[in-house]
Each structure stands twice: as C-alpha cells, then as structure tokens.
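Given chain S's structure and the hints, the job is docking chain E onto it.
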Amino acid sequence: DAGVTQSPTHLIKTRGQHVTLRCSPISGHKSVSWYQQVLGQGPQFIFQYYEKEERGRGNFPDRFSARQFPNYSSELNVNALLLGDSALYLCASSLSATNEKLFFGSGTQLSVL
Amino acid sequence: AQSVTQLGSHVSVSEGALVLLRCNYSSSVPPYLFWYVQYPNQGLQLLLKYTSAATLVKGINGFEAEFKKSETSFHLTKPSAHMSDAAEYFCAVSDRPSGTYKYIFGTGTRLKVLA
Numbered sequence: 001d002a003g004v005t006q007s008p009t010h011l012i013k014t015r016g017q018h019v020t021l022r023c024s025p026i027s028g029h030k031s032v033s034w035y036q037q038v039l040g041q042g043p044q045f046i047f048q049y050y051e052k053e054e055r056g057r058g059n060f061p062d063r064f065s066a067r068q069f070p071n072y073s074s075e076l077n078v079n080a081l082l083l084g085d086s087a088l089y090l091c092a093s094s095l096s097a098t099n100e101k102l103f104f105g106s107g108t109q110l111s112v113l
Numbered sequence: 001a002q003s004v005t006q007l008g009s010h011v012s013v014s015e016g017a018l019v020l021l022r023c024n025y026s027s028s029v030p031p032y033l034f035w036y037v038q039y040p041n042q043g044l045q046l047l048l049k050y051t052s053a054a055t056l057v058k059g060i061n062g063f064e065a066e067f068k069k070s071e072t073s074f075h076l077t078k079p080s081a082h083m084s085d086a087a088e089y090f091c092a093v094s095d096r097p098s099g100t101y102k103y104i105f106g107t108g109t110r111l112k113v114l115a
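Residue numbers (our numbering), protein chains in the order written: chain S, 1 to 113; chain E, 1 to 115.
Hints listed in this document are in silico derivations from the structure and should not be mistaken for laboratory results.
Please read all numbers here as calculations on a predicted model, not as lab measurements.
Among the clues, some could well be false.
Claimed, not checked - Listed below are the simulated DSS-like cross-link pairs for lysine-lysine, each with C-alpha atoms no more than 30 Å apart in a straight line:
hint: 1; chain 1: E; residue 1: 49; chain 2: S; residue 2: 101
hint: 2; chain 1: S; residue 1: 101; chain 2: E; residue 2: 112
hint: 3; chain 1: E; residue 1: 58; chain 2: E; residue 2: 69
hint: 4; chain 1: E; residue 1: 49; chain 2: S; residue 2: 52
hint: 5; chain 1: E; residue 1: 49; chain 2: E; residue 2: 112
hint: 6; chain 1: E; residue 1: 69; chain 2: E; residue 2: 49
hint: 7; chain 1: S; residue 1: 101; chain 2: E; residue 2: 58
hint: 8; chain 1: E; residue 1: 68; chain 2: E; residue 2: 112
hint: 9; chain 1: E; residue 1: 68; chain 2: E; residue 2: 49
hint: 10; chain 1: E; residue 1: 68; chain 2: E; residue 2: 58
hint: 11; chain 1: S; residue 1: 52; chain 2: S; residue 2: 13
hint: 12; chain 1: S; residue 1: 101; chain 2: E; residue 2: 69
hint: 13; chain 1: E; residue 1: 49; chain 2: S; residue 2: 30
hint: 14; chain 1: S; residue 1: 101; chain 2: E; residue 2: 68
hint: 15; chain 1: E; residue 1: 69; chain 2: E; residue 2: 112
hint: 16; chain 1: S; residue 1: 30; chain 2: S; residue 2: 52
hint: 17; chain 1: S; residue 1: 30; chain 2: E; residue 2: 58
Isolated chain S, as found in the complex (with noise of 0.2 Å):
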C-alpha cells in the first residue's frame, strides 16, 4: 500500500507569489494534519482536516489555507510568501481525527527567496 505522498518534493519561489502543496493520504485515512518544519526545529502543527472540514488550526496567519476534497486529499496554500516561509512542509494521515497515530509523507521543501 502507497504511504503518504505529497508533490511537489521541491519548489522555489520568490517572495510575495502563491504556492499550494498538495498531499495524497493512505488508503482509508479520512483525516490529514499539515506541519510546518523551520530548519533545526521541531514541526509545528498548522491544520488539521476531517471529512473536508477544519478541526484544528495552529498560531498560523491567514495568508495559510487549506482544503480537504471528497477523496480526503488535501491542499495548503500560502498567500504573500514571505522569506520566513521557507520550510519543509509535511502532511500526515490519520484514520480519523482522534486517532493518536500519524503516518507522515516526505515533505516538500519550499525554499522562498
């Protein structure tokens, strides 16, 4: 079975452009978390989507969104990139939204400059 798969794995952009990463989850997983991973620090939580609605949304501005389709795929955007944007971008799937055990993709490195 296809883990978690998120595209694309690298992208560069410049500062004040539109990017969306998207995420594919596991078969059967019906919740997707996405996280923000700065290098040398830990993740941090963005958003968290279950049956294609928000359940959780971290210390993020608005110019982050996201969506969750029928397929339980899901999309960020980030509006206005800024230079701090810069991360790698991971989502992880879950089989519901209270299932303590996250499976996560690769990532996509954003390099914003």
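The following block gives chain E in isolation, referenced to the frame of chain S:
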C-alpha cells in the same frame, strides 16, 4: 498547555555504545508521548508511543522508552548503537482539544554514531 523539552541538540556515541536521548514533558492531562525519527530529506517515522498502558514501551529498531511520571520524563534508549541509527530524533506530546488531534514536537536531537 502541553510541551516537550529535548535536552541536547546533538549527541554523539560510538558504535555499540548505549544511546540515551532525553525528553521531558509538561502536560495538564495524562499525556500521550511519542518518539519519531527523521532521516535526511525524509519525513517522520514513528519509533514508539506511550498511551497510558505499560510504562516501558518497546519500539522499532531496538529502541525503547520509559515513562516516568515522577520525573515527567520519557527518555529514549537503545542498548547498542548502529551506524544506521544516525538521524534526528523528535519527542512529541499530544494535544487533544475536543474533536481534534495535534502533536507538540520538541526541537530535536541529532544523533551521530562514531565508527
């Protein structure tokens, strides 16, 4: 609010030596605790988890961790280090507000294994 503190951002051990990575937690409720490993350019892989069952938790690749409530600790150990253990290790505590689930991660410990 829940939090974790990982003591030591870098740890070096010789191959075959004991691995000890330290994690202390703060939680207002009985915590769920996790250790994850991250190899270069990869995502996070779950090593083990504590969810209020046995206090000594065994994980993959020979790792184990002991939950000590009195010390608010959840240190990760492995009796004998292997070169393939070189990676970054993250301790995490769950934050479970109603209807959702998120992890609070520590800042990580990079393990170096010396030949």
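Hint by hint, here is what the structure shows:
Restraint check for residue 49 of chain E and residue 101 of chain S: satisfied, since their Cα atoms lie roughly 9 Å apart, inside the 30 Å limit. Between the alpha carbons of residue 101 of chain S and residue 112 of chain E the distance comes to roughly 27 Å, so the proposed pair stays at or under 30 Å and holds. Restraint check: the Cα-Cα separation between residue 58 of chain E and residue 69 of chain E comes to about 17 Å, which is no more than 30 Å; the hinted pair holds. With a C-alpha separation of about 28 Å, the suggested pair residue 49 of chain E and residue 52 of chain S falls inside the 30 Å cut-off, and the hint holds.
About 23 Å separates the Cα atoms of residue 49 of chain E and residue 112 of chain E, which keeps this hinted pair within 30 Å; it holds. Proximity of residue 69 of chain E to residue 49 of chain E is assessed by CA-CA distance (about 15 Å); at most 30 Å being required, the pair is judged to hold. Straight-line distance between C-alpha atoms of residue 101 of chain S and residue 58 of chain E comes to about 16 Å, which keeps the hinted pair within the 30 Å bound. Of the supplied pair hints, the one linking residue 68 of chain E and residue 112 of chain E holds, its CA atoms being roughly 26 Å apart against a limit of 30 Å.
Restraint check for residue 68 of chain E and residue 49 of chain E: satisfied, since their Cα atoms lie roughly 14 Å apart, inside the 30 Å limit. For the proposed pair residue 68 of chain E and residue 58 of chain E, the alpha carbon gap of about 15 Å is at most 30 Å, so the pair holds. This hinted pair checks out: residue 52 of chain S and residue 13 of chain S have alpha carbons roughly 28 Å apart, not beyond 30 Å. A C-alpha spacing of about 22 Å is found between residue 101 of chain S and residue 69 of chain E, which places the hinted pair at or below 30 Å, so the restraint holds.
At most 30 Å may separate the alpha-carbon atoms for a hinted pair to count; residue 49 of chain E and residue 30 of chain S meet this at roughly 21 Å. Restraint check: the Cα-Cα separation between residue 101 of chain S and residue 68 of chain E comes to about 22 Å, which is no more than 30 Å; the hinted pair holds. Between residue 69 of chain E and residue 112 of chain E, the direct Cα distance comes to roughly 29 Å. Compliance with the 30 Å bound is thereby established for this hinted pair. Distance hint between residue 30 of chain S and residue 52 of chain S is fulfilled; the C-alpha atoms sit about 9 Å from each other, no more than 30 Å.
For the given pair, residue 30 of chain S sits about 28 Å from residue 58 of chain E by alpha-carbon distance, which is consistent with the 30 Å threshold.
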